[in-house]
Amino acid sequence: MRDLFITGSSFLLGDIEMGAFEPYIEAKKLRRMEKIAKNVLWCAFSACQQASVNFQKENELGLSLAVGAGSLESTLRFLDSIIDDGDELSSPTAFAGSVHNSTALTLSLFLHSHGPCVTTGQLDGSFAAALLTAQQFLTNGMCEQVLVAVTDDINPVAAELVPQSPDLWKGLVRPGQFQRAAAAFVLSNTPRTNCLKVKQLSFTRTDVQDKSLPDSFSSPAFCAIHVAQQCAAGKDFRVRDVFAGTDFKLEASVYAFEK
Amino acid sequence: MREGVTIAGAGALCACGLTAKEMLKGALNGRACFALPGNRVKSAYADRFPVFQVSESVIASCPIGQSLSSYFFLTAAKEAFAQAGLTPEKLQNKRVGVIVGTSVDASFHCFDLYHHFKQRAVKEEDVQELKKYFATSATAKTISAYFGFTGPFQTIVTACASGTDAIGLAKDWIKNDICDAVLCGGTDEINLVPYDGFIRLLIAGKNRCKPFSKDREGINIGEGAAAMLLLNRVLTEEFAISPVGYVLGYGNACDGYHPTAPDPAAKGLQKAISFALKEAAVAPSQIAFINAHATASPANDLAESVAFNALLKDVPVWGSKGVTGHTLGAAGAIEAVLSLQALNEKILPPTIGFSVQDEKIGFSPTTIPSTVTKRVALSDSLAFGGCNSVIVLGSEDFYA
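Residue numbers (our numbering), protein chains in the order written: chain A, 4 to 262; chain B, 61 to 460.
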C-alpha cells in the first residue's frame, strides 16, 4: 500500500451559521439545502483550503462520504408529506434529498469535483469504511487527492424514545447520538507542509467489547471530530473506537520533510 | 495480461428467478413476477404502478427480526458459497471482508413507527421496530456477524450504483491486500418511500419498462439481491478453487451535474468506463456485451447511449431491467451476476421490453438471444447524485 497523508482537516459540532460560508460562496446558493449537507460542505471547504485544493475550478478530487443515517431531515419531510398530504401530493424534492447520495452531489457540485465518489452509510462504522475507500481510490490511481467527508443527522424519534429507557439501547445507540456533527479530511499519497502521515489504518468487526478501552465516542461523527481535533493540534496521535461490533484504529504522526 | 481477482462463486435472486441460473433463464424467456404491489405497499398508487417482486414464498420465509434485504442477501450468499464449494466455517481464520450495496435497508423508512410517533401513539412494536433499525441497518455488519467474519465491512449507499461499487471495491480490498476473501454484492426490497418517490419524480412507468425503446415511459422498481465471493490468489490455490469468473477492472467518476438526472454529455460515465477498461487491460473489441443500467427512463438511456457510442461502438448492449425491474442498491450486483452467468453459458439474452429504436440513441439493444463468443462483459450503473460506476468481468475461461 502506498503512503497515505492527511493534508487538511476540519470539523463542526452543531449547525453552521450561514455567515461562515462568506469566504467560499454566496449564501443564497445554499437555500433549501439540508442541514447535514451545509455542515459538511463548510467542513469540506475548510479542509480543502488547508490542503490547497483548488475547488473553484473543475478538478478530479475524489469523494468518500460517510453518513450515519443519511439526511433524516429530508426523509422525515417526505414521510410527513405522505402522512399529511397523501401519497399523491408527497414531496418529490424531499424524496430526492432523502437519498443518502444526495449529499455527495452537493459536495461534487460546490467543489467542482469529477473524481470517483462513493457514499457509505452504516451508522457507527461509516467513517472507518470511508477512510478505507479513500485509500483504495488513491492506491489505484483513480485520483491524487480524496476528500473524506463525515456528517450525522439527528433522529428525532430515537432522540425522544432512547432516553426514556436507556438500558434498552445499551451497545446499540451511543448516548450522544442526538446532535448534528460533521468533519472533513483531505487525503493524499503526496505529503505537503504541515501534514500527518498515516501509520496505521485498521477496521474490523468484533464480537468482543474490550472493557479496558475508554468508552468510545458519543456518536459516529464524534470519532471523526476527535481525529480532526488531533490533526489540528499538529501532534502524533493514536485513536481507537470500539462500539457495536466495530473496531477502528487510526495512528498518524507529524510528517517532516527530509532536509 | 493483468491478473483479475477470482470470483469463486456467485448467487442471486430477484423477480425473474431464485438462483443465478434461473434468473438467466428468466432473462431469456422474459418470465418474471411483475404485478401490482398489493398489500406490501400501502400507497394510493398501488393499483396503478406495478413492480418486479421476489416470489411470495421467499418473502414469507424471512425470519422475524431480520430485514428482508438481509434475508435476500444471505440467500444469495449461500448460493455463492455453495457454488464455490466452500463454507463460511472454512474461512474463519482468514481476513474476510463484507461489502454490500443497498438503499432501503440503510434508510430510516419506518413509516408506521414514524406515523405513530407523530400521533403521539408509540406502541411496543414501534420500539421493537426502532431497535431492529439500529441493529440491522448496517447491512454489511449484519451479514458479517451472521457468518462470524471479523474483517472490515462496508454498507455502500451510493444510490443505484451501490451494487457495482460494492463489487469494484471488494476487488480492491483483495488486490490491495486488505482481505483474503470478500463477500460482496447488493440487496434491496420494495418499500413505500422509493415507490412513492419515483412516481412523484415522474420517473416511474405504469407499464412494463422498455429499455432503450423510443416509446419508453420510465422505470418499474424491483427487489432482490446478488452476492459474489472473491478470493485472493493464495486462497484460490489453497482451496483448489475453479473460478467462475474474474473481476478485471473498476472505474468510478461523478458528474457533479444534477441531483436526479444524469449529465447528458455522460462525461463521468465515459471516464469511469475508460478507467475500468484501462485497469482490466481490455480493448473494446474484446467485449462480448455491455449490460447497461438501462432503467428505461428517457434521460438515463439517452445519457448511456452517448457514452457507448463514443467509447464502445458496435459492442452489443443488453438491458435486463425488463425482467428484474430496477432493484436500486442491488441493481449493479444483480446485473453483474446475470452478466457472468451469460458469459459462462455463452448466451446473450434479448432486451425484454425493447420494441422501437430511438434515433437519438442510434442503436438497438439485443433483440434475440445470440451466442457469446468473447470472454469479457462490462456492466455500468448510474446513480442519483451523478455517480457513475463500471466493472469489467471475465468469464470462467478468461485465462484459458
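Warning: the hint list may mix true and false statements.
[What the hints assert, rightly or not] Covered, in the sense of this in silico footprint (three residues per stretch, anywhere, with C-beta under 8 Å from a C-beta of chain A), are these stretches of chain B:
| no. | segment |
| --- | --- |
| 1 | 169 to 180 |
| 2 | 191 to 198 |
| 3 | 274 to 288 |
| 4 | 311 to 320 |
| 5 | 434 to 448 |
[Said to hold, decoys possible] Calculated pairs, SDA-like style, for lysine to any residue (alpha carbon to alpha carbon, straight line, at most 20 Å):
| no. | chain 1 | residue 1 | chain 2 | residue 2 |
| --- | --- | --- | --- | --- |
| 6 | B | Lys154 | A | Ser168 |
| 7 | A | Lys200 | A | Gln233 |
| 8 | A | Lys202 | A | Val245 |
| 9 | B | Lys150 | A | Gln232 |
| 10 | B | Lys338 | A | Glu147 |
| 11 | B | Lys235 | A | Thr209 |
| 12 | B | Lys266 | A | Asp170 |
| 13 | B | Lys235 | A | Leu112 |
| 14 | B | Lys235 | A | Met4 |
| 15 | A | Lys38 | A | Pro26 |
| 16 | B | Lys191 | A | Ser168 |
| 17 | A | Lys173 | B | Pro376 |
| 18 | B | Lys178 | A | Glu163 |
| 19 | B | Lys192 | A | Ala161 |
| 20 | B | Lys235 | A | Lys38 |
| 21 | B | Lys102 | A | Pro95 |
| 22 | A | Lys60 | A | Pro95 |
| 23 | B | Lys102 | A | Ile86 |
| 24 | A | Lys173 | B | Lys191 |
| 25 | B | Lys178 | A | Asp90 |
[Unchecked claim] Pulled from the structure, derived: some chain A residues nowhere near chain B, Cβ distances all over 12 Å:
| no. | residue |
| --- | --- |
| 26 | Gln53 |
| 27 | Glu61 |
| 28 | Gly73 |
| 29 | Ala107 |
| 30 | Leu114 |
| 31 | Gln182 |
| 32 | Asn197 |
| 33 | His229 |
Everything labelled a hint here was simulated from the structure, so no lab data went into it. We put the beta carbon where it would ideally sit given N, CA and C, even for glycine.
Comparing the hints with the structure gives:
no. : hint                : result
1   : 169 to 180          : holds (count 8)
2   : 191 to 198          : holds (count 5)
3   : 274 to 288          : violated (count 0)
4   : 311 to 320          : holds (count 10)
5   : 434 to 448          : holds (count 5)
6   : B/Lys154 - A/Ser168 : violated (39 Å)
7   : A/Lys200 - A/Gln233 : holds (13 Å)
8   : A/Lys202 - A/Val245 : holds (19 Å)
9   : B/Lys150 - A/Gln232 : violated (42 Å)
10  : B/Lys338 - A/Glu147 : holds (17 Å)
11  : B/Lys235 - A/Thr209 : violated (24 Å)
12  : B/Lys266 - A/Asp170 : violated (48 Å)
13  : B/Lys235 - A/Leu112 : violated (31 Å)
14  : B/Lys235 - A/Met4   : holds (10 Å)
15  : A/Lys38 - A/Pro26   : holds (19 Å)
16  : B/Lys191 - A/Ser168 : holds (12 Å)
17  : A/Lys173 - B/Pro376 : violated (54 Å)
18  : B/Lys178 - A/Glu163 : holds (12 Å)
19  : B/Lys192 - A/Ala161 : holds (12 Å)
20  : B/Lys235 - A/Lys38  : violated (38 Å)
21  : B/Lys102 - A/Pro95  : holds (18 Å)
22  : A/Lys60 - A/Pro95   : violated (31 Å)
23  : B/Lys102 - A/Ile86  : holds (12 Å)
24  : A/Lys173 - B/Lys191 : holds (11 Å)
25  : B/Lys178 - A/Asp90  : holds (17 Å)
26  : Gln53               : holds (22 Å)
27  : Glu61               : violated (8 Å)
28  : Gly73               : violated (6 Å)
29  : Ala107              : violated (5 Å)
30  : Leu114              : violated (8 Å)
31  : Gln182              : holds (17 Å)
32  : Asn197              : holds (27 Å)
33  : His229              : holds (20 Å)
When the structure is compared with the earlier hints, violations turn up for hints 3, 6, 9, 11, 12, 13, 17, 20, 22, 27, 28, 29 and 30 and for no others.
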